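Asker: Following the hints, position chain B against chain A.
Chains as they are written, first to last, in the numbering used here: chain A, 1 to 230; chain B, 1 to 516.
Incorrect hints may appear among the rest.
Sample of chain B residues facing chain A (criterion: CB under 7 Å; computed from the structure) [stated by the list, open to error]:
hint: 1; residue: Phe415
hint: 2; residue: Ala420
hint: 3; residue: Gly423
hint: 4; residue: Leu424
hint: 5; residue: Pro436
These are computed hints drawn from the structure, not numbers from a lab.
Treat the numbers as computed from the prediction; the structure is a model and nothing was measured.
Even glycine gets a Cβ: it sits at the ideal position worked out from N, Cα and C.
Here is how the chains run, residue by residue.
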Amino acid sequence: MLALESLSIVQGGFRLSADLTIRDGARVAVMGPSGAGKSTLIGAVAGFVPLASGVIRWNDSRIDGLPPARRPLSILFQDHNLLPHLSVFDNVALGLNPDLRLSTVERASVLRALAETGLDGLETRKPAQLSGGQISRAGLARVLLRARPLMLLDEPFAALGPALKATMLDLVGRIARETGATLLMITHDPADALRLCDQTLLVADGRAHAPAPTRALLDDPPPALKAYLG
Amino acid sequence: MRWHAEPRLIKPAAALVAAVLVLLNLGALAAVLWRADGEATLQPADWVALRFTVVQAALSALVSVVLAVPVARALARRRFPGRRLLIALMGAPFILPVLVAIAGLLAVLGRNGMVNDALAALGLDRVSLYGLQGVVLAHVFFNLPLSVRLLLQGWARIPAEHLRLAQALGFGARARFRLIEMPMLTRIAPGALAAVFLICLTSFAVALMLGGGPAATTLELAIYQAFRFDFDLGRAALLALVQAGVGLVALGVLGFVRLPATRQAGLDRLAPAPPGGLARVLDLLAISMAATFLLVPLGVVIARGLPHLADLPASVWAAAGRSLGVAALSTLLLAGFTVALTLAGLRRRWPEGLGMAALVASPLVIGTGLFIVLNPLVAPSTVALPVTALVNAAMALPFALRATLPPARQTEADFARLSAALGLSPGAHLRLILWPRLRAPLGFALGLGAALSIGDLGVIVLFGQTGTETLPLAMQRLMGAYRSEAAQGVAVLLLALALGTFVLVERLIGGRDAGA
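Next comes chain A alone, as it looks inside the complex (with noise of 0.2 Å):
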């Protein structure tokens, strides 16, 4: 269980507060308006935001201290994900060792995380030599070899067409069921939340209010929502 409590961070004027919890293996999507604080409110979890004061728990032991690599979490960011200069396995297997220094056994499921993605073939390509819909699955080759129980996605689809995102979409569904991991995913697209998040967060007005079922929420949405919505 993910536990914010009594958070509250404070960046120049802005100011957000959160208090709430998210169960093991919720699926999570994060609404609101721009600027509102959803990749803050991320960022805070994955530890590149600071807090002002709050605690976050995860599974009862305290996170919010802890450098982000050692946060029990893989994030996914809008850009940025892979290294250009790097092959695909090698950006990959980063999630496995930072060092790249690999053992049989690591290169093997280095190669398997490749290929229950759809990348087998293309482990010696560089990301500019990929399609975008190639590098969503090699940062999500690398989530999954990680298999963190948490995972935190900074809306890294965005700029895919709708097609290629429902394929995305449905693929980090899988990796969630697989490794049974929570997910925390930012989405302007009430689409993306009714198919893959049972639950919807919403940050608006300075806060992250409780998540509740996604179906009802979008159908009878908040002030705030609704405005965001149209």
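Answerer: Leaving out everything else, chain B in the frame of chain A:
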């Protein structure tokens, strides 16, 4: 925001580099101040030198930038075979040893050069390459290409839409210049003028070879003369103080003017077809005249020097060996300085300011200061080569930092979060993220530093004696002794070494694809 602990070594290393640079600059100035506190006073000739320094730098800047306008415009809008090569060659004067260029200019425009021989054959008076016109001409030779490259940036940044708009609205040449090109030039040209002005302000080798005499002496040259001919350390120190003051004022000016970037991008965007007719003829003229001006002197030097390469005296080869040693040491120092300040500069602002501060004291000022400090301790000639290497590294540092810091900061902005999320160790971060992104600019910067060091004729003239001369000093002495055939042979050797070390270092550090 930073999520990585900075490796512990970086801060002390950067502090050490900072201490060396500050000591080199301020220490030299302090030594000079201490020594100047004597009987010595500035003579009227010294004020003439100050005026000449400023006037020649201003004229050089003005002529270079004004001439660069039609050349840059022609290169920006015409497509022809060899265009890329020509633009690349415009970067070559950076690594061209000053003496080689001067030898070329003398071969074409000197007293017994091709042009004067032609004038004489026509029964006309010979023109002189010495004095103000010679100094300015040589500076234009070096800085016209630089100005062209800077202005090309400006043309490359004019949105293609504006050019299409100009065509759609039926602008004539005059309206296009006034409404589209002129606004760009008023933004770019001041930076180009300032850059050339600053470079020419500390000109020494050009003034040494083509200037001289009461009417054409720069401050740097006056320092050298007070030092070498009168051994009047007090006066040399006073002059060094004036030169440092000029440098300080110039650095202040630099604070107001934005120096344009030298990188080029987007030169091959789709723009509407350029105007034909007269404009076409003028463009052709601008390009061919610039190419002639830049290429013919070098071609002549190479053609005349090659036959003499085989019978160069042994002392020249020894000097070449010393020059390579100096360049190697200088490049190592530069690499250390650059890496330490770049890594430290990822999270602070002061390293680049410090790198620029190396411009306050000119090479001859630093040389004079070091001489004053070292003279009571050791025979100056015994430290001539290490001192030259150190000063060369300090002088190349601002350029190196300008090449490495922006991509380093960009890389950090793009990938520091990823690195933190994956838990890369500082070593892995350096090896997997920073090094692959920085080796190309670092290779370029170090190659440039190596070539500059090979071709440098500066502080060595204060320290060097027979037995410790570098290749440029050997060449200068041959030219001074009117042994022009041997000098031309040395010029070819010097050119080959400068180009060779540039390419070697760039490829070695930058990897196979560097410069491609």
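Asker: All hints are to be evaluated individually against the structure, with a verdict given for each.
Answerer: Here is what the structure says about each hint:
For B/Phe415, the suggested interface contact is upheld, since its CB lies about 6 Å from the closest CB of chain A, less than 7 Å. Residue-level restraint check for B/Ala420 holds (minimum Cβ-Cβ distance to chain A is 4 Å; threshold 7 Å). The restraint placing B/Gly423 at the interface with chain A holds, with a minimum CB-CB distance near 3 Å, inside the 7 Å limit. A cut of 7 Å between beta carbons decides the hint on B/Leu424: the least distance to chain A is about 4 Å, and the hint holds.
The beta carbon of B/Pro436 is positioned within 7 Å of a beta carbon in chain A (closest approach about 4 Å), and the interface hint is therefore held.
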